[in-house]
Amino acid sequence: MTGNAVLQFFFFAVVTMALALPCAGYLTRVFSKEPSAVERGIGRILGAGFWTQQNWGAYAFSVLFFNALGGAVLFWILTHQRHLPWNPQNLGNLSPAFAFNVAVAFVTNTDWQSYGGEATLSYFSQRIGLTVQNYLSAATGIAVAFAVVRGFVRKENAALGNFYADVVRVTLYVLLPLALVFSLFLVGQGVPQNMSPYVQASPLGGGQQVIAQGPVASQVAIKVLGSNGGGFFGVNGAHPYENPTPLSNFAQMVSLLFLPIALVLAFGRMVGDRRQGWSLFASMTILFLILLAMCVYGEQAAHPALAGLNVNQTISDINLGGNMEGKEARFGIFNSALWTVAATATSNGAVNSMLDSYMPLGGLVPLFSLLVGEVIYGGVGCGLYGILVYVLITVFIAGLMVGRTPEYLGKKIEAQEIKLAVIAMLLYPVCVLGFGVISLLTPEGANSITAYGPHGLTQTIYAYASAAANNGSAFAGFNGNTTFQNVMLGIVMLIGRFGMIVPVLAIAGSLAVKKITPASGGTFPTHGGMFVVLLTGIIVVFGGLTYFPALALGPVAEHLALFAR
Amino acid sequence: MSKKPTRSSLFDPALLRDAVAGAFVKLAPASLARNPVMLTVEVASVTATFFTLRDALAGKPFAVGLQIALWLWFTVLFGNFAEAVAEGRGKAQADSLRKTKTMTLAKKVSSIEATSFKTIPAAELHMGDLIVAEAGDIIPGDGDVVQGIATVDESSITGESAPVIRESGGDRSAVTGGTQIISDRIVVEIRANPGESFLDRMIGLVEGAKRQKTPNEIALTILLVGLTLIFLIVCVTLQGFAIYSGAPIPLLYLIALLITLIPTTIGGLLSAIGIAGMDRLVTFNVIAKSGRAVEAAGDIDTLLLDKTGTITLGNRMASAFIPVCGAEEKELAEAALLSSLADDTPEGKSIVRLAEEKYGLSAAEGRTSDMRFVAFSAHTRVSGVDTDSLSIRKGAPDSILVLCGKGGNAEIARAVESVAKTGGTPLLVARDKNILGVVHLKDIIKTGIHERFMTLRRMGIRTVMITGDNPITAAAIAAEAGVDDFLAEASPEKKLELIRHEQAAGKLVAMCGDGSNDAPALAQADVGVAMNTGTMAAREAGNMIDLDSDPTKLIEVVMIGKQLLMSRGALTTFSIANDIAKYFAIIPALFMGVFPAMKVLNVMGLTSPESAILSAIIFNALVLIGLVPLALRGVKYSPAPASVVLRRNLLVYGGGGIVVPFVGIKAIDVVVSGLMGG
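So the sequence lines, in the order shown, correspond to chains A and B.
The first sequence begins at 1 in this note's numbering and counts up one residue at a time.
The second sequence begins at 566 in this note's numbering and counts up one residue at a time.
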């Protein structure tokens, strides 16, 4: 890294934390405040179901029901957009498999884009379909995180809160205000917010160019804030209308991270011991920094294939150096890498550079983030409940090693919790390796690959990891818009989202009815350096052991072959 | 009262022979089904054997396959062997337990009036039997006094050191087995049938026949099954990726990879650790009714200890002579000495000892031929001695005051009160009806008990002293002994309430007790240790029995509980950490053909793919057998805060788990490739 990059990163970190810290306090207040007049009004409309305290089963059912409903509505919109208003380009209906994939992608907070937004979706589909789900899926994630926190906080009380009340609260007091402010900022930076037909332009080079328009700013704001990542345009954050200026780029990178970080810190406040939040944050930050360093190093290093040619690959004031393929010249290597690491670590999946063109090592970094399950800050809500699964495993092993029935925040971790945590841990290998290998070995699946050898394997693994982890970014060489992939990836997205939410809520339900054991000298403290090291180690070792063979045949083989020359 | 079971050495040849046979018997899938990890290894062994046979019959080379199959079988056998050794040691313990008999005897009589009795073991008493008990006897069973009155020392049950009076008729007729008659003679009708012998029931558990998995063991097994499934997915899909990459893996190699990755080390040793833990308890003369109780012991937050017999010596000791009414201190000491010459109670002996040590008096010189001793009785509550020239009496203050007619004397009252205030028991001594002074009887804290409480505090356990004494006495003793808290004037209800209160706050509570009135509390406590001398009710209510009736043993029980969990945690960590090296051994070996650049990952420089895979699987089997002694002995535990314990274990078993296989696999590769080459 150059001095310039270090300085940029420092500035980035300071601004992110300056937003995350007050936001953590604010989230804690939202978590525990009395219902406001607006909420009471909504409650009156929705009826008694809005107020009843739900146990984990009821909460999980509400999550599934609410999201199924949202998915069905979105599916209907996508398959009927031709007949719906706000369609100046007269874009056609989506095929059922295609619409299924898009609907699932947005309901699961994945925002996997097997489409190019400007060429496929009407303004109605974008605005009423996708953007609404961007809010609701993000709110679902945070609501589930709240319910899980209640599982730790409550004593011998099965109630985890009310899902609908949580979703309303999170949307009303967290997502809408943040997104409104951010949309206006983006409009100020030049992001369009209109309903106009596409503009025909005659560029200097001759010929005709169609310039897409639309209500971009409102969608981009929630896309980055809510860990969604689904761009208005096909090329996402690399499009000048989505991300017009260095400042918009900086602000969007900050927005990818600060809310997930705030949630982790708020966790500590909500359970009544801020150190708990900080130690999770420390663990995540260690991994984040290692991954960022690896990615920047991988991309900035000279490409061995160009070594013999007369190409200057060293970075300087006038030369970006390194691997610039698939990157915007206006962002350069550091800001592309930082964006990529931030967006893949947070389950966001927005991109401002093309991952398929990354060096094997640089591409391994986002892939690793996905494979460990998006827990390095993670998506809004899901990052928190995702890391808590790792925490349970860590605490279990550590607890045994200190000779005491493992406990976390005073709750004993027993067979039931371990069983559910193991189910959650099994999901990703099944989705990524199981579904991935089917895609790789069947002709229908293998058609989607555009590169042979290790890179094709990486493309496939990445697609399935991205779907399972509800990230949504892709090695774009991979053609996801086939019936086979639309269905397979759709299923994986559903498993990755709800297959995780249900056991996690069940864990919360099981913990909620337990007593809280006060900590004693015999209790292993879950704050402080020892725990941070152990948690980080467990994440790396479990992720590493599960995916080492696949990675060895994908990016590692590619890297070794490339540099062996 | 009980013989320490003899401990068989770790590798007693006879035991090992049985264990080897046992290892083969345990190959039966029904027996392995309890252990999913090892069942997986067995299925893999069968599969590998099948493929090897097929190759052999087809005339293909099968040497490597045969070796893989053999080492897979060894892995299963080594795991079985560990379990068989642990069980064998349990059986040895059980046999020596059977020889342990309770030594309490009962003097059975045919009727209340009968003067002659028959001595039979207490265990043979039935409901309705009549027994006679005289001063010095241990009451052999629970029952009611049907004739006579006696002072009984019930300190072993109630924690109250002052003797109580039991008499026929009325509310005070119940006597409890294990308590001791101090004076007089009573006839007792036994009210309880002998249960089926505790020892016999326990022996079955120790032998492992009825062993049930403990909660943490179940949770760990689930985690291990989860890991096994993950690695199964990894290996199955790896074949798909390998086919895509143009380098399909021979099935035998894939099986070998799977078995090296799944947590066989902890999987194979898990049940041995559990059995060995129970077995370790038995060597401490503690019998647990379930493994669950042993595990719970490791989690204890609060430990309730009876004062008497646990924190203090069972009986009070004379600590000072306080003269009154102008008497000389030495004069008082001499009178007290003379009155106690025939007093065989520990209190009496302690008075003699104090007088001898502090005032240079001599019991032998004081004794004269004209002495007529007056024994203590529950009626008079006074004892003493008469000679031709003088009469000395000592006893409870109110009795002596009445005897001497000194009811209103303020000086005497002050002296008595000063002793009571500091937690002592006052005795008055009178010579010829003139009160000379007060003997201060004091609870004596057991030596070393203070250190034991410090140890408990380091382990994060809070100690609470339970006593029937008044709060002032209790506070004084609690401070001296160094317990964290005390419960004074404890009644069975108060004890129960305290336990419930602690439990409501989320704490796990351990207590030990021996009396019937402890039974509810023993049942309520998470870990209840009943003394073997205690009543049947107490022994039924507790979940552990201490054959030595030594309440401080709870500390050892806690340590064994912790050790049990630590051994499992340490070996799990070791098992998982091992996988890193195994990947570096096997993955490059499998794919160097198609990706030559992958030789960079062959960090151990293993000779050939065959030797790499064989070395990994041989290492895997050898490490299992190599860790059997550790599994049986348990990981070392010394009381320290959790973070210190964790750091040490993580370094040893986590760090060691990463490094050892790199060295081990390399070493085996050198040998294997040497043999193959030769």
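It should be emphasised that the hints constitute simulated quantities derived from the structure, not laboratory data.
Model, not experiment: these values are computed from the prediction.
Just so you know, not all the hints are guaranteed correct.
Partner residues are not named here, just some residues of chain A that face chain B (Cβ under 8 Å, in silico) [claimed, not checked]:
#1 P429
#2 L534
#3 L553
Listed next, the stretches of chain A that the computed footprint assigns to chain B, with coverage defined by at least 3 CB atoms under 8 Å from CB atoms of chain B [to be verified]:
#4 53-65
#5 102-115
#6 132-139
Cβ atoms here follow ideal geometry from the backbone N, Cα and C, with glycine treated the same way.
Status of each hint after checking the structure:
no. : hint    : in the structure
1   : P429    : 5 Å, holds
2   : L534    : 7 Å, holds
3   : L553    : 5 Å, holds
4   : 53-65   : violated (count 0)
5   : 102-115 : violated (count 0)
6   : 132-139 : violated (count 0)
Of the numbered hints listed earlier, those contradicted by the structure are 4, 5, 6.
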